[in-house]
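Enquirer: Order-wise, the sequence lines are chains A and B. Here our numbering = 1-based position in the first sequence + 12. Here our numbering = 1-based position in the second sequence + 12.
Hints listed in this document are in silico derivations from the structure and should not be mistaken for laboratory results. One or more hints might be untrue.
For chains that are exact copies, the list does not tell them apart, and a pair is met inside one copy or across any two.
[What the hints assert, rightly or not] Straight-line distance between alpha carbons at most 25 angstroms, and here's what the computed SDA-like set of lysine to any residue pairs gives:
id	residue 1	residue 2
1	K84	A182
2	K101	L31
3	K101	P133
4	K146	G117
5	K84	P35
Protein chains: 2
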Amino acid sequence: MIRIAVVGHRAQSSGDFSLNDLPGGAGRMDLLCRAVSSSLFLSHGMRRDVEVTLILLGPPEPPVTIMFSGEKVRYLNPDERSAGSLIRKALALPRGTAFRESTRGVFVRQGGLERLIAEYPFAVLDEAGEDLRKAAVLPENYLLSDHLDFTGEERELVSGCPKFSVGPLALHADHAITLMLNEHDRRSGGWT
Amino acid sequence: MIRIAVVGHRAQSSGDFSLNDLPGGAGRMDLLCRAVSSSLFLSHGMRRDVEVTLILLGPPEPPVTIMFSGEKVRYLNPDERSAGSLIRKALALPRGTAFRESTRGVFVRQGGLERLIAEYPFAVLDEAGEDLRKAAVLPENYLLSDHLDFTGEERELVSGCPKFSVGPLALHADHAITLMLNEHDRRSGGWT
């Protein structure tokens, strides 16, 4: 199982955003939607061994955690609006501290990064990290930030996590996810 | 200069599609929009040395070629609707056999794959190709298909092109583009 978590610093935590304005009104939700897509989609199938978690820190009631299970998810297509629509449905559900399923394979709870990194040991994908291609053993769980850097408080939380980079340039989170998964694919497929 | 061309077998060749239904009514235009985004966007900037060309083969007047110049393009954001909106504007322009600029850095002409591959020597990104990481010299120009395989006629046209693969699994075109560009980034940045 590969777990991918992306922090959306301004991503709305209520479901009343418009699917026609994912970048603006929804707080760069477009980026999180593409992260879901690059985490879960193959050309003709899905990555059933991947879970992707979004941490929404925008108004009105952050933090919210939404998890897409590649094994269980249904009704998801690769386009941004499709993931956005399932995120809206997840945010429309009354939520507590335990995960509840909003649509097949999509789960939502109140809570954020502090709780998530207490549950799993994450590596951070960050342009300042060690080259992932050179890692002797690949991590199982990866944490990324959206278009904004981690805050001081978040950096404190992840200060003990190993850091890996996928290349010499700073990339969008969805592109970094594609590169990380390719490294897993290559090692699983004997392509190294 | 890196040139990337993607064939959209069902992508509409008129601009009257809805930005709210890029996958359906517009003929998997969502995939072409993500290909534009993964070709041109870095985290905080654009790939000025990349051109991405879309070949639209859907109704009503195919083939149409639309080219985004990373050096010149303006008004483009990373979300699918943004590229979709510039494609609509390009398709609204009366077109001839020479490229005309529809918005800053976006160009459109009548014509398709046969003409394009006569202009530049393309390599094909295809899961059956040689591992791109192992290429002694990286190609400059890359051709990809959308969610559909190349037709028999297209396969004939590209039969003389070298073929490269980015990994052991069949991936969406935008993900393959991200992986290909990363190989260029790594070699330029001394990361091999």
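Enquirer: Are the hints correct? Go through all of them and say.
Expert: Here is how each hint holds up against the structure:
no., hint, in the structure
1, K84 to A182, "between (32 angstroms within a copy, 21 angstroms between copies)"
2, K101 to L31, "both (12 angstroms within a copy, 21 angstroms between copies)"
3, K101 to P133, "neither (29 angstroms within a copy, 47 angstroms between copies)"
4, K146 to G117, "neither (33 angstroms within a copy, 38 angstroms between copies)"
5, K84 to P35, "between (27 angstroms within a copy, 23 angstroms between copies)"
Violated hints, in rising order: 3 and 4; the structure is consistent with all others.
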